[in-house]
Amino acid sequence: MREIKVVTNILQTNDEITAKNKSILDEKGIYVVNLMSSPGSGKTSLLERIIAKLRNDINIAVIEGDIYTIKDAERIEAQGVPVVQINTGGACHLDGEMIKGAINALPLDNVDLLVIENVGNLVCPAEFEIGEDIKICVLSTTEGNDKPLKYPLMFEKSGAVILNKLDLIEFTNFDKEEFYRDIKALNANMDTFETSCVKNQGIDEICSWLVSKIQNKKIKVK
Amino acid sequence: MHEVSIIQNVVEIVLEKAIENNFTKVNKVSLKIGELSGVLSEALNFAFKSCIIDTMLKDSILEIEKVKAVAECEDCRQVFPIDHFNKLCPCCNKFCSSIISGYELYVNTIEGE
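Quick mapping for you: the protein sequence lines, in order, are chains A and B. Counting in the numbering used here, the first sequence runs from 1 upward without gaps. Counting in the numbering used here, the second sequence runs from 1 upward without gaps.
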């Protein structure tokens, strides 16, 4: 019996494909967002609001991750921006290989912002890099403020957290103070936003923040 | 259940190394998994049992070594243990984003013949 040193990153294959995707997207100066949350917290609704606000100034494209349906892609298509649907057929997260196929189908020369809406899940998507510049996590008030404690990796790796469904907070026992304390303990450097898609609140703040991120990336590429 | 995807990658990596070293049988696979990686050992073990059927890893043992999460303070260079919710430097009380270990996910060694 012999022992062999392997010392190989388990996610090496994904990381290699992702690095290739990222270099294509970087070369074009496209700012890439990996948008994650549990199912039903409002990722697609937020995206609809953001697109409506930014589409005249910024070229946006979207990759929609979903286990089976094309429902979200249809909603984004109705906003008049290019969208590619990825159906994972059961898999709980997107990975580099899936993104590779999707970016080939997008008019990349004409994109400033690419939003990749991951499969609704607070666990697995946190583990897989897909070529993003930033991970943004959405949590809705109705889910409860204990989620960062229960799913720390997701919040720890996110560069920004959006607290959505603020219009419903009065009907819940969501404790904002605890929530911010917990997410800042996980990652003190993250940006935070509060939104209500129904009331169209907080969307302007996210949009101007996104625009500055997009501009910074363009400057870096030049 | 992203542990299944992880184990599928492990099996691929192990098979490649085993063939490279002219193994016909793999007896043991050792992984290093960081404490902060969000990967559950029980789920890895479960996935491993299913994924090694009909491969030369059949009947092999999966050994999982946990790697402690450690950070280094950018200001005072103090190295200290952390967890998800406590990343403050014990000396200067500053939040530390320079994490040295804790996110590891790799195949460390294999044993075979």
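Treat the hints with care, since some could be wrong.
Below, a sample of chain A positions facing chain B; criterion: calculated Cβ distance under 8 angstroms [unchecked claim]:
| # | residue |
| --- | --- |
| 1 | 2 |
| 2 | 6 |
| 3 | 8 |
| 4 | 15 |
| 5 | 17 |
| 6 | 19 |
| 7 | 93 |
| 8 | 124 |
| 9 | 126 |
| 10 | 127 |
| 11 | 153 |
| 12 | 185 |
Straight-line distance between alpha carbons at most 30 angstroms, and here's what the computed DSBU-like set of lysine-lysine pairs gives [claimed, not checked]:
| # | chain 1 | residue 1 | chain 2 | residue 2 |
| --- | --- | --- | --- | --- |
| 13 | A | 22 | B | 17 |
| 14 | A | 218 | A | 28 |
| 15 | B | 32 | A | 20 |
| 16 | A | 5 | B | 66 |
| 17 | B | 17 | A | 20 |
| 18 | B | 28 | A | 5 |
| 19 | A | 5 | B | 94 |
| 20 | B | 32 | A | 184 |
| 21 | A | 71 | B | 58 |
| 22 | A | 184 | A | 22 |
| 23 | B | 25 | A | 100 |
Please keep in mind that the hints were generated in silico from the structure rather than gathered at the bench. Yeah, the Cβ is synthetic: ideal placement off N, Cα and C, and Gly gets one too.
- Query: Can you list which hints this structure breaks, lowest number first?
  - Reply: Hint check: 4, 5, 6, 19, 21, 23 fail, others pass.
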